[in-house]
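Chain by chain, the residues:
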Amino acid sequence: MGFLEYWRNQEMDEQGSLLPTEESSTIIDHTEPSRKLSYGQLHDEVKERGGTRRTHASLNNMANEQMLGEATSDLYQGMNLRQGDRGQLPTEAKEALMTGDIAARHQIVTDDAQGHYPIVQSARKGYRKASRLFPWNGE
Amino acid sequence: MMLKLKQLREETYAAWELLGSSKGTYLGAPETVGLPPHQAERLPWTNNTFKDDIRRQFGDLRCRDTWERAAIQLTAHQMVQSYMEPYEIVGYMASATYMRCYIRAHYGDRLIDAMLAFPEVLGIIKRGLEQLYEEPQNPENVAMVRSFLQRFSGIANLESG
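Same order as they appear, the protein sequences are chains A and B.
Read left to right, the first sequence gives residues 0 to 138 (numbering that gives the first Met the number 0).
Read left to right, the second sequence gives residues 0 to 160 (numbering that gives the first Met the number 0).
Simulated from the structure, these hints should not be mistaken for lab results.
Since no wrong hints were added, every one of them can be taken at face value.
Pairwise CB distance ranges, derived in the manner of DEER restraints: (1) A/Thr90 <-> B/Glu40: 35 to 41 angstroms; (2) A/Glu10 <-> B/Leu121: 34 to 40 angstroms; (3) B/Ser146 <-> A/Asp84: 21 to 27 angstroms; (4) A/Arg81 <-> B/His37: 36 to 42 angstroms; (5) A/Asp84 <-> B/Arg63: 34 to 40 angstroms; (6) B/Gln149 <-> A/Asp84: 23 to 29 angstroms.
The beta carbon of each residue, even a glycine, is placed where N, CA and C say it ideally should be.
Just need the whole structure built from these sequences, with the hints factored in.
So, in structure tokens, the structure goes:
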């Protein structure tokens, strides 16, 4: 079971309440932990450690696969989202991606991974560990 | 300095594999992310599903031109279909050093033309620029937007769109 099946089994009310509300216009603290910050930190770390375009793209693909249990395009099609709409994924999906990105970054740093293959291998390990926290990734 | 044929082939494989993986299509081999490097590095030469597909789409595998076209087209396609943060895609288009990439560094204009040929790329650029404007306190972001708009003045009206 992946995220889509889990999501479809939720009560509609609950789905609605989990959708992100409009972004507030108040001043945003950019050091407050957030999905965007975690994503940015992971990808900055990857760049510093010699990652290339394919490393960045692989990690992004891996995050969707490992954390949400769905092929990336299935996930977006299943949620009726277009490319570039990642901000409109349900809150629970974004939390999982954020958790995964944090776990992947720590694993990369712990392993002191440098270069494409070591980075993707550490990241995969981190995502796998984190994926077990989420109910839709069960057997 | 020209890219080596080996590099073109490896970049082509990486883009081809990621495109297939994100769509869940048959790749003919395990994904490189789960393999030891010495096995993963052989796949661009040993995976027949890959070779057949490149031959079908781009022609004779013995020609350098085939691998140049394949690397540019598939890198462009994969980048547009990468589902990465839109601001990263803008950064990649705006600057050859934003992300390490041989194809972006060596075939900048051809690669960007190939990306712009995908209709969905304009929506991604628009969203990416919005993201970059949302965080105006970051000087790197501001510089990235400026360099992007300078380079692509033809589509600068996206800014107000």
